[in-house]
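Put chain B on the given structure of chain A with help from the hints.
Top to bottom, those sequences are chains A and B.
Under this note's numbering, think of the first position of the first sequence as 9, with each following residue one higher.
Under this note's numbering, think of the first position of the second sequence as 9, with each following residue one higher.
Hints may contain errors.
As the list claims (entries may be wrong) - Over 10 Å on every C-beta distance to chain A, these chain B residues come out as not near it, computed from the model:
(1) Glu19
(2) Asp26
(3) Pro72
(4) Ala134
(5) Leu245
(6) Asn259
(7) Val276
(8) Arg302
(9) Arg314
Claimed, not checked - Now the stretches of chain B that chain A is said to cover, found in silico as 3 or more residues with beta-carbon under 8 Å:
(10) 36 to 48
(11) 88 to 101
(12) 116 to 128
(13) 148 to 158
Rather than coming from a laboratory, the hints here were simulated on the basis of the structure.
Beta carbons: idealized from backbone N, C-alpha and C, even for Gly.
Protein chains: 2
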Amino acid sequence: MSDKRLLPQLEPIRIDLDRIAGLLQQALDEVDEPLRAMLRGPLAGGKWLRSGLVVLVARMFAQPPEPFHRLAAAVETLHAATLIHDDLIDDALLRRGKKTLHAVWPVRVTVLAGDYLLARATRWVAELDLPQVMHAYGRALCMICEGEVRQTLVVKGIHRSRADYFRSIEAKSAALFAAVMEMAGILAVASERDVAALRTYGWELGVAYQIADDVLDLTEDAGRLGKPTGSDLRNGLVTLPVLHYLETTENDYPVRAVLTGKAEEVDVEAALLAIRESGAIAASLREASARADRAQRALEALPDNRARHTLHDLATVAIQRRH
Amino acid sequence: MSDKRLLPQLEPIRIDLDRIAGLLQQALDEVDEPLRAMLRGPLAGGKWLRSGLVVLVARMFAQPPEPFHRLAAAVETLHAATLIHDDLIDDALLRRGKKTLHAVWPVRVTVLAGDYLLARATRWVAELDLPQVMHAYGRALCMICEGEVRQTLVVKGIHRSRADYFRSIEAKSAALFAAVMEMAGILAVASERDVAALRTYGWELGVAYQIADDVLDLTEDAGRLGKPTGSDLRNGLVTLPVLHYLETTENDYPVRAVLTGKAEEVDVEAALLAIRESGAIAASLREASARADRAQRALEALPDNRARHTLHDLATVAIQRRH
Numbered sequence: 009m010s011d012k013r014l015l016p017q018l019e020p021i022r023i024d025l026d027r028i029a030g031l032l033q034q035a036l037d038e039v040d041e042p043l044r045a046m047l048r049g050p051l052a053g054g055k056w057l058r059s060g061l062v063v064l065v066a067r068m069f070a071q072p073p074e075p076f077h078r079l080a081a082a083v084e085t086l087h088a089a090t091l092i093h094d095d096l097i098d099d100a101l102l103r104r105g106k107k108t109l110h111a112v113w114p115v116r117v118t119v120l121a122g123d124y125l126l127a128r129a130t131r132w133v134a135e136l137d138l139p140q141v142m143h144a145y146g147r148a149l150c151m152i153c154e155g156e157v158r159q160t161l162v163v164k165g166i167h168r169s170r171a172d173y174f175r176s177i178e179a180k181s182a183a184l185f186a187a188v189m190e191m192a193g194i195l196a197v198a199s200e201r202d203v204a205a206l207r208t209y210g211w212e213l214g215v216a217y218q219i220a221d222d223v224l225d226l227t228e229d230a231g232r233l234g235k236p237t238g239s240d241l242r243n244g245l246v247t248l249p250v251l252h253y254l255e256t257t258e259n260d261y262p263v264r265a266v267l268t269g270k271a272e273e274v275d276v277e278a279a280l281l282a283i284r285e286s287g288a289i290a291a292s293l294r295e296a297s298a299r300a301d302r303a304q305r306a307l308e309a310l311p312d313n314r315a316r317h318t319l320h321d322l323a324t325v326a327i328q329r330r331h
Numbered sequence: 009m010s011d012k013r014l015l016p017q018l019e020p021i022r023i024d025l026d027r028i029a030g031l032l033q034q035a036l037d038e039v040d041e042p043l044r045a046m047l048r049g050p051l052a053g054g055k056w057l058r059s060g061l062v063v064l065v066a067r068m069f070a071q072p073p074e075p076f077h078r079l080a081a082a083v084e085t086l087h088a089a090t091l092i093h094d095d096l097i098d099d100a101l102l103r104r105g106k107k108t109l110h111a112v113w114p115v116r117v118t119v120l121a122g123d124y125l126l127a128r129a130t131r132w133v134a135e136l137d138l139p140q141v142m143h144a145y146g147r148a149l150c151m152i153c154e155g156e157v158r159q160t161l162v163v164k165g166i167h168r169s170r171a172d173y174f175r176s177i178e179a180k181s182a183a184l185f186a187a188v189m190e191m192a193g194i195l196a197v198a199s200e201r202d203v204a205a206l207r208t209y210g211w212e213l214g215v216a217y218q219i220a221d222d223v224l225d226l227t228e229d230a231g232r233l234g235k236p237t238g239s240d241l242r243n244g245l246v247t248l249p250v251l252h253y254l255e256t257t258e259n260d261y262p263v264r265a266v267l268t269g270k271a272e273e274v275d276v277e278a279a280l281l282a283i284r285e286s287g288a289i290a291a292s293l294r295e296a297s298a299r300a301d302r303a304q305r306a307l308e309a310l311p312d313n314r315a316r317h318t319l320h321d322l323a324t325v326a327i328q329r330r331h
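In isolation and in its complexed conformation, chain A is listed as follows (with noise of 0.2 Å):
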């Protein structure tokens, strides 16, 4: 594993991050090209934020981490499944500063690339031979694909609602990250009480770390970002800032004209200055804070020690980050 992203929280389980780096590219091993090839940019893994839930929380019950890093490897292969259907959903070309797969490939082999990701972290998960994992994961990613559903269909542009923003983020991050809390847990046979804790820890992390990944997308030049500032607003994706901004601005022009897509690059360019200038990013980084704080409140039914301080660490990280 070699990736200069990593989180200095995750440093001192390096060598377990290294063991489920060998498991993805085993994955890779056993595809022919071309697949092979286009699988190894998505499977190369980012801030390996999941992987890192996985092993504390093997950790944190002191459990062998072997089955762990099998779910962790299941984990990240999901993720860079729904990024691949996500981005060729959104139209999106960049991703981490590289072309995205749809930028690339056809979409017909962009699609199935994605489906043998999901396959093959289905396959990861239905090899742990615990059917309560496997009930988790199913329920999961029924519950993101049918968020996905609801994001790309129902509600796009200035007629977005709190509660679309939330069911949204919930369906979509908050439920990925319960799921893997819930799977590490139950493969630690931990009690059904530590598990809901673990679930609820999932939860909030997933929907702080969304809406400060929603932040990031207008305050982070293009060059951290590895995509275009404010992406999201250019596709009439309203987030929360954005809510925040038109429900405490009263001339908000610049925005609405993005919103409808009426604007040019430098309406763009004004519609994110007169968020960033409002009070649109420091409240929305409150809300963050908050879903954070839940997080670590949920930790202290746990097991206290190191992992457990990690999580809790891991939280604070997760709403202060840079891409």
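Chain B in isolation, oriented as in the chain A frame:
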């Protein structure tokens, strides 16, 4: 369950198929519009062949039917998911005489609708609580997706070999039918030897079925097919009858012209006529028949009862069928 296309051999298990249709309806009821409206057609079922196989295994081993209904619902759902993504990938606008999803909805929603069904199928399989069934399911899913990628990318047009063709239909049809029989066998607590026999039956049936399907694509009229005659040929997809034709015909210009995309409708008609009047159709059906025989021989090791006889008959019907 109401479908005029039900195979007559499946009439005796109509009560089971009704239950399975009920489960598919429940899955529809779980989701919101517009997803529900989108999935109604794909989940309405076709010939109920895959469900029929699952139910017949339950009967062969005198098992209580309920878990088999869930497995069958999973299999029909998975099949529907692959059809949605297939039609998108092949840019097919009609299936079973009706508009395909992607003919009506944007690509992005069509991708997600397929993903959702894949997720829903996974959830059903997970709820059977049998790791071995999950393993078979995960492996089949990977094989199907990998085969699809190969079919889509690597071999198109005139350069396709018999080996390419068989690798593709094995991954596409044989792997799914084999997995269906294997999962049903495991669920029926059949012996390892019996599960292997069921798997072989499914594999050979899948190959026979797909060859017959590829023949029908060239011989049936559009009205019965529910899509234009020769769709594969028009898409540059070389199937077994076309391979036979190219192998045995010296002046293969009309077919070659269609496959290299240099043809108009009149040339397509000429190519179809040329293939039909050659020995290619009969030769392909002989290969299908040999595969159906192999499927039937695999049954000989299994309990000799009415369910087994129906499976025997289905292998014959698979290659005689009309759409």
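Hints, verified against the model:
no.	hint	result
1	Glu19	holds, 33 Å
2	Asp26	holds, 24 Å
3	Pro72	holds, 19 Å
4	Ala134	violated, 4 Å
5	Leu245	holds, 13 Å
6	Asn259	holds, 33 Å
7	Val276	holds, 22 Å
8	Arg302	holds, 27 Å
9	Arg314	holds, 33 Å
10	36 to 48	holds (count 4)
11	88 to 101	holds (count 4)
12	116 to 128	holds (count 11)
13	148 to 158	holds (count 8)
Of the numbered hints listed earlier, the single one contradicted by the structure is hint 4.
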